[in-house]
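Student: Spelled out from the first residue to the last, the chains are:
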Amino acid sequence: MSEYLLDVQDLKIYFKAKGGHVHAVDGVNFTIKPGEKIAIVGESGCGKSVTALSIMRLIQQPPGEYAGGNIYFEENDLLTFSEREMQKIRGGKIGMIFQDPLNCLNPTMTIGKQIMEGLQIHLKVSKDDAHQRAISLLEQVGIPAPAERFNAYPHQFSGGMRQRVMIAVALACNPKLLIADEPTTALDVTVQAQILELINGVCHEFGTALILITHDLGVVAGMADRVIVMYAGEVMEEASTDEIFSNPRHPYTIGLLASVSRLDEVRQGELRTIEGAPPDLLQPPTGCPFMARCYFARNICRQKPPLDPIAGNAAHRKACWVDTTDPKERAYADRRLQARQAAQKAALSEVANILQGE
Amino acid sequence: MVDSVETAVASNTLLDVRDLKMHFPLTSGIIIQRNVGYVRAVDGISFSIERGKTLGLVGESGSGKTTIGRTIVRLYKPTTGQILFENRDLAQLGGESLRQIRKDIQMIFQDPFASLNPRYTIGSLISEPMHIYKIGSAKVIRERTEELLNVVGLRPEYIDRYPHEFSGGQRQRIVVARAISINPQFIIADEPVSALDVSVRAQVLNLMQRLQRQLNLTYLFVSHDLSVIRHVADRIAVMYLGKIVELADRDELYVAPKHPYTKALLSAVPIPDPKVEKKRQRIILSGDLPSPINIPSGCRFHTRCPMAQTICREEEPAFEAKTGHDHFAACHFSEQVSLS
Numbered sequence: 002m003s004e005y006l007l008d009v010q011d012l013k014i015y016f017k018a019k020g021g022h023v024h025a026v027d028g029v030n031f032t033i034k035p036g037e038k039i040a041i042v043g044e045s046g047c048g049k050s051v052t053a054l055s056i057m058r059l060i061q062q063p064p065g066e067y068a069g070g071n072i073y074f075e076e077n078d079l080l081t082f083s084e085r086e087m088q089k090i091r092g093g094k095i096g097m098i099f100q101d102p103l104n105c106l107n108p109t110m111t112i113g114k115q116i117m118e119g120l121q122i123h124l125k126v127s128k129d130d131a132h133q134r135a136i137s138l139l140e141q142v143g144i145p146a147p148a149e150r151f152n153a154y155p156h157q158f159s160g161g162m163r164q165r166v167m168i169a170v171a172l173a174c175n176p177k178l179l180i181a182d183e184p185t186t187a188l189d190v191t192v193q194a195q196i197l198e199l200i201n202g203v204c205h206e207f208g209t210a211l212i213l214i215t216h217d218l219g220v221v222a223g224m225a226d227r228v229i230v231m232y233a234g235e236v237m238e239e240a241s242t243d244e245i246f247s248n249p250r251h252p253y254t255i256g257l258l259a260s261v262s263r264l265d266e267v268r269q270g271e272l273r274t275i276e277g278a279p280p281d282l283l284q285p286p287t288g289c290p291f292m293a294r295c296y297f298a299r300n301i302c303r304q305k306p307p308l309d310p311i312a313g314n315a316a317h318r319k320a321c322w323v324d325t326t327d328p329k330e331r332a333y334a335d336r337r338l339q340a341r342q343a344a345q346k347a348a349l350s351e352v353a354n355i356l357q358g359e
Numbered sequence: 044m045v046d047s048v049e050t051a052v053a054s055n056t057l058l059d060v061r062d063l064k065m066h067f068p069l070t071s072g073i074i075i076q077r078n079v080g081y082v083r084a085v086d087g088i089s090f091s092i093e094r095g096k097t098l099g100l101v102g103e104s105g106s107g108k109t110t111i112g113r114t115i116v117r118l119y120k121p122t123t124g125q126i127l128f129e130n131r132d133l134a135q136l137g138g139e140s141l142r143q144i145r146k147d148i149q150m151i152f153q154d155p156f157a158s159l160n161p162r163y164t165i166g167s168l169i170s171e172p173m174h175i176y177k178i179g180s181a182k183v184i185r186e187r188t189e190e191l192l193n194v195v196g197l198r199p200e201y202i203d204r205y206p207h208e209f210s211g212g213q214r215q216r217i218v219v220a221r222a223i224s225i226n227p228q229f230i231i232a233d234e235p236v237s238a239l240d241v242s243v244r245a246q247v248l249n250l251m252q253r254l255q256r257q258l259n260l261t262y263l264f265v266s267h268d269l270s271v272i273r274h275v276a277d278r279i280a281v282m283y284l285g286k287i288v289e290l291a292d293r294d295e296l297y298v299a300p301k302h303p304y305t306k307a308l309l310s311a312v313p314i315p316d317p318k319v320e321k322k323r324q325r326i327i328l329s330g331d332l333p334s335p336i337n338i339p340s341g342c343r344f345h346t347r348c349p350m351a352q353t354i355c356r357e358e359e360p361a362f363e364a365k366t367g368h369d370h371f372a373a374c375h376f377s378e379q380v381s382l383s
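These protein sequences, in sequence, are chains B and Y. Just remember that my numbering sits 1 ahead of the position in the first sequence, which is counted from 1. Just remember that my numbering sits 43 ahead of the position in the second sequence, which is counted from 1.
Please note that the accuracy of each hint is not assured.
[As the list claims (entries may be wrong)] Here are the simulated EDC-like pairs of lysine to aspartate or glutamate, each with C-alpha atoms no more than 20 Å apart in a straight line:
id, chain 1, residue 1, chain 2, residue 2
1, Y, LYS321, B, GLU244
2, B, LYS128, B, GLU140
3, Y, LYS318, B, ASP226
4, Y, LYS321, B, ASP226
5, Y, LYS365, Y, ASP292
6, B, LYS346, Y, GLU190
7, Y, LYS318, B, ASP243
8, B, LYS94, B, ASP8
9, Y, LYS321, B, ASP243
No wet-lab data here; the hints were simulated from the structure. Note that this is a predicted model, so its numbers are computed, not measured.
Assemble the whole structure, with the sequences as input and the hints as a guide.
Tutor: Here it is as structure tokens:
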């Protein structure tokens, strides 16, 4: 018996496009234990949502294509399942919450019916039992007067309330795994705090494992046990949440953490930036995908680095050749950063002279 | 016809907004339109911005922050109130005089996919304001456009490319280049980095700050993101349902908020540090923002306020100076907020 609830091995998902294949996910490995909460972070286009959708087998084919790898859920490979078998998994053993609750709820059905639907199909309960359970679920997710709201339609709810309904739908059948794809991105901060607390609470109560997909490092810090950092369809670094934030080793993770403006920090000059833009995944670089934007880059980076554990901590893995803690490497990176900044400042003062010299 | 209005404020003030109201009428009926009420998007606000400084405007969606920005550039005609820009009242201007003053006020919008016309090359997009205000010959304008591209970190060779060939962050930098092309004094940035990824967000924020220093620009920076506002703003106004509930210097607002809404807002923002996150006490506000059509009586925040008393339901608190440096708030119990 494997100790993992979900074991994703060397997953590759390509999309057919004009002039080739977009390598949206290119060899991703990760595992999740029962009840564990992991976060997948990365920028738009790094493949984090595609990874989540592929676990649910919701990638449209074509243009999508499972180009390799396995997804073991409770020791069965989801990629070998028939569509009928998958339907039992979706909403039954794995629940999913999406970013935009308005697009994901059926506007012509009452919210109560939408919650009951999953219960009746997956758990084969009677209509009355499903009704009772739906009302108690609505109560659990914090919807006031659940018995009356049972008959309301999605448009009668605000964004935060709709997201609560989505959570009730996802949790209806007591899934083993909850996938939350940017659950709070469309919400205001005060409502975001409500929803995150709710997700945290229900995962704890039901012992549900969580895959949280987000670009917000602040949300990650408060929610996840473990973090997976993705870039250009690949995993760059993986470690426990405390370790990622206190001891990041991959240049991309270091850059990402340094470029975030923090609420609890007094402004000290400029933010660190990651210059440039992510690579074109139609022709992914053969070496390290981050090389073009990396201040630590060396010749060896033209070869793809493996995702290996760092010295002294087997649970902390990174895909990088360079030891970023080495003072010599750091000095080299700093020199390249400063040269870049000096060039930008020179260009700026030139324009200032032209604009103001009227 | 615009008279110079007498002001008591320091001559260093670039923009002075006084009791600005922007109410949108709500109509019903298909043929005969009856007025059935007003959306009070901006409901009596006053603030001023000093030259070369940044005022951050924060609030949740629906609080009216975008409407303020749009009213200042006179995309809307305000219901009442004054918008004094260099002592001229923009609310009263129209026609050619408004067109001339808009040369000094530029705007950056949130969505760089919507604010760049896909049928124009980026060169013609950036140079359009320069053509409108006739700053020089076509050759001069083209040279200047190339310089501008260089400064926002794009290669001058890209001048004849179209917007779809650029990423979100690059597009937003094109928008910034267009905004500064005619050397404005004042830029209204409406959520300029909300649509961008974190690593790209830092590029655009740094660019805006460098430009501010070099060109002595004044910014009104509208955002819902308190951590971004903390980084860019000198002074911060917090909006709730069409009113400013608190206005203070940046660090003072974060360290000693005087309004319970500000305090709740600050506590709701996640901090990217698990050690800090574990120790934090969250104030979770219940419910959602009330509708700006039916604004609650008394203090408009009382329906969600954890400190609300009877007086809050009945009497609207005045927006007045509190202890601290130029610190204004509208709360009956402001002195208790920072203590608890």
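Student: Does each hint hold? Answer for all of them.
Tutor: Cross-check of the supplied hints:
| no. | hint | result |
| --- | --- | --- |
| 1 | Y:LYS321 to B:GLU244 | holds, 14 Å |
| 2 | B:LYS128 to B:GLU140 | holds, 18 Å |
| 3 | Y:LYS318 to B:ASP226 | holds, 12 Å |
| 4 | Y:LYS321 to B:ASP226 | holds, 12 Å |
| 5 | Y:LYS365 to Y:ASP292 | holds, 13 Å |
| 6 | B:LYS346 to Y:GLU190 | holds, 13 Å |
| 7 | Y:LYS318 to B:ASP243 | holds, 7 Å |
| 8 | B:LYS94 to B:ASP8 | holds, 15 Å |
| 9 | Y:LYS321 to B:ASP243 | holds, 11 Å |
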